[in-house]
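A.B. asks: Using the sequences and the hints, build the whole thing.
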Amino acid sequence: MGKVKIKRKSTLIDMTAMSDVTVLLLTFFMLTSTFLAKEPVTVITPASVSEIKVPTSNVASILVSPEGKVFMSVLGEADIDSNDESWSSEGVRKIALLSAASKYEEVTGKKTGITQADAEKFAKIGAFGVRLDKMHEFLALDQSKQDEFMGDPANADAGIPLTDIVYQNADGGTEKTNEFQIWMRAFYNSGNGNLQDAMKKGEGIAVKADRGTNYSTLHQILDNLQTIKMNRFSVMTALKTEND
Amino acid sequence: MAQIEQSDGGKKKKGAQKKMAIHVDFTPMVDMNMLLITFFMLCTTMIKSQTLNISLPSNEKIENEEQQSKAKNSEAITLILTTERDANGNVKSDAEGRPMNTIYYYEGKPFIDDADKDGRIDVSPDGYGILRAEKFLGNTPEGEQGIRKILHNKNKDALAQIDEQKALWREKKITDEEFQKKAKEIRNDSTLTRPVVIIKATPEASWESVITALDEMQINQISRYQIDNINQVDSALILDYLLKNPKK
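In order, the protein sequence lines correspond to chains A and B. For the first sequence, this note's numbering begins at 5 and goes up steadily by one. For the second sequence, this note's numbering begins at -1 and goes up steadily by one.
These are computed hints drawn from the structure, not numbers from a lab. Nothing here was measured: the structure is a model prediction, and the numbers come from that model. Glycine included, C-beta positions come from ideal geometry on N, C-alpha and C. Take the hints with a grain of salt, since some may be wrong.
What the hints assert, rightly or not - With a Cα cut of at most 27 Å, we get these calculated DSS-like pairs of lysine-lysine: (1) B:170 <-> B:154; (2) A:244 <-> B:133; (3) B:170 <-> A:57; (4) B:17 <-> B:115; (5) A:57 <-> B:179; (6) B:17 <-> A:13.
As the list claims (entries may be wrong) - Using C-beta positions, here's what the derived DEER-type ranges look like: (7) B:187 <-> A:201: 25 to 33 Å; (8) A:201 <-> B:117: 30 to 38 Å; (9) B:117 <-> A:200: 51 to 59 Å; (10) B:15 <-> A:9: 26 to 34 Å; (11) A:179 <-> B:154: 42 to 50 Å; (12) A:246 <-> B:162: 12 to 20 Å; (13) B:94 <-> A:220: 23 to 31 Å; (14) A:37 <-> B:216: 52 to 60 Å.
Said to hold, decoys possible - To give an idea of the interface, some chain A residues facing chain B are shown, with a C-beta separation under 10 Å as derived from the structure: (15) 26; (16) 32; (17) 51; (18) 56; (19) 157; (20) 159; (21) 211; (22) 212; (23) 216; (24) 240; (25) 243.
C.D. replies: In structure tokens, the structure reads:
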């Protein structure tokens, strides 16, 4: 009997097709992706049947941590017609910081020490939550230290304080405000007309909070929004069906 | 595929170079692509989160009270939300995994008379103003459950009309826009008996319960509702309810 010869086949697998598929997938993910914005605290938003999408620009968001700390961020959009650079997110932040700082100095009489260089740095920041008198120190830190600063639940300086600042107005009467209100007004008056319109209509203000957060914590925020006549706003939710 | 085959037609010429099949190994390329895909998959948010629009009444008190007194007993319903929490402040869940939210509600004005002086609130003679408790249960095949059933019954006139329109829309007899317009008209039709809902929340109520309550307004097509602050009468009613119905 003759020996049956087993043919030796090459074990090389042709990867070209595989490569084609992966490149296609990669292209798909690259084109559809919107990156997760980094947030100082992670919250799970409550579910709702509302199907209105979150705007990607011209929105001031208020993030409330379960402990009641307030963080804010603002997104603008450069207008095609006006071609005004100050309308972009960075421009809005820059102007907002300077106007918030000057308002803060006016009502408290304290110096914040915020410089133009600080404003340039602030323009690059996403969500923030720092007392205005610590802002200068905060902006001098490098990025990972900043995240640590805001993410530490034990840090009393993190979060925008809602404590009342009582001051004398031009007519000699006393008025109350707080840093949260100063910031909201600063965003509103940052000179970006689209942002102002969106905030007026309510879609430009987004409140984001964890589902388990006490209503008393949120109530403070809602109260403050009411005080500055921003009665219309939107709340970030996840999607659910009617049957749940 | 990855090799370029070069056939030599016929006889080899003398001095011709030896032709080789060129193989390109794509394995590292695939490796790298897979890594990139993994990166993009982990960093992307495919589902954008949704928003729910809220408009609060302006905080001038007078307007608020006027509005409340205007609403008829049969139309007004007040919801008071509470959430049960454990010692650490985390929301407790029941056996089915639902967060333990309770909705106390009363129709019309709160009834707090205690004529027989037994320290408990009497039963209201006309049935209005009695505090009851419900839960968020959603829908089952049998229909609406829990607080949704109560709100549904309150707004049944408008809902019946909207359902008619919805049926037309499902059969594609009217367009989406027409349906939305009609639904809005029905929601705001003052000839129908429509409820006025006042949503209140205790300090320990979870944010989720507030959003779920607002959601119920959307589901039940209720156009008149507002968020209000809890007052002493409401707290007294809840205390009285808990005394009458002690927890097991």
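A.B. asks: Hint by hint, say whether it matches the structure.
C.D. replies: So, going through the hints one by one against the coordinates:
Of the pairs offered as hints, the one joining residue 170 of chain B and residue 154 of chain B holds, with about 24 Å between alpha carbons and a cut-off of 27 Å not exceeded. Distance check on the hinted pair: residue 244 of chain A and residue 133 of chain B sit about 18 Å apart at the alpha-carbon level, within 27 Å; holds. Of the pairs offered as hints, the one joining residue 170 of chain B and residue 57 of chain A holds, with about 25 Å between alpha carbons and a cut-off of 27 Å not exceeded. Restraint check for residue 17 of chain B and residue 115 of chain B: the C-alpha separation of about 110 Å exceeds 27 Å, so the hint is violated.
The straight-line distance between the Cα atoms of residue 57 of chain A and residue 179 of chain B is roughly 20 Å, inside the 27 Å bound, and the hint therefore holds. Under the criterion of a C-alpha separation no larger than 27 Å, the hint pairing residue 17 of chain B with residue 13 of chain A is consistent with the structure, at around 21 Å. At about 31 Å, the beta-carbon gap between residue 187 of chain B and residue 201 of chain A stays in the expected band of 25 to 33 Å. A hinted range of 30 to 38 Å is violated for the C-beta pair residue 201 of chain A and residue 117 of chain B, which are about 56 Å apart.
For residue 117 of chain B and residue 200 of chain A, the hinted distance range of 51 to 59 Å is satisfied, since their beta carbons lie about 55 Å from each other. For the pair residue 15 of chain B and residue 9 of chain A, the beta carbons lie near 32 Å from each other, so the given range of 26 to 34 Å is met. Take residue 179 of chain A and residue 154 of chain B: their Cβ atoms lie about 48 Å apart, and the range 42 to 50 Å holds. Restraint check, residue 246 of chain A to residue 162 of chain B: a C-beta distance of roughly 18 Å satisfies the suggested window 12 to 20 Å.
Here the CB-CB span from residue 94 of chain B to residue 220 of chain A is close to 27 Å, well matched to the stated 23 to 31 Å. In this structure the supplied range 52 to 60 Å is violated for residue 37 of chain A paired with residue 216 of chain B, their Cβ-Cβ distance being about 31 Å. Nearest Cβ of chain B to the Cβ of residue 26 of chain A: about 4 Å, under the 10 Å cut. The hint holds. With a least beta-carbon distance of about 9 Å to chain B, the hint placing residue 32 of chain A at the interface is held under the 10 Å criterion.
A distance limit of 10 Å between C-beta atoms decides the matter here; for residue 51 of chain A the minimum to chain B is near 8 Å, and the interface restraint holds. Checking residue 56 of chain A against chain B: minimum C-beta separation of about 5 Å stays under 10 Å; hint holds. At a threshold of 10 Å, the smallest CB-CB gap from residue 157 of chain A to chain B is about 13 Å, leaving the interface hint violated. Hint status for residue 159 of chain A: violated, given a least beta-carbon distance of 20 Å to chain B, over 10 Å.
Checking residue 211 of chain A against chain B by beta carbon gives a least distance of about 8 Å; that is within 10 Å, so the hint holds. For the restraint placing residue 212 of chain A at the interface with chain B, the shortest Cβ-Cβ distance is roughly 8 Å, inside the 10 Å limit, so the hint holds. This hint holds: residue 216 of chain A has a C-beta 5 Å from the nearest C-beta of chain B, less than the 10 Å allowed. Interface hint at residue 240 of chain A: satisfied, since its Cβ lies 5 Å from the closest Cβ of chain B, which is below the 10 Å cut-off.
Interface hint at residue 243 of chain A: satisfied, since its Cβ lies 5 Å from the closest Cβ of chain B, which is below the 10 Å cut-off.
Of the numbered hints given earlier, the model fails hints 4, 8, 14, 19 and 20; all others are met.
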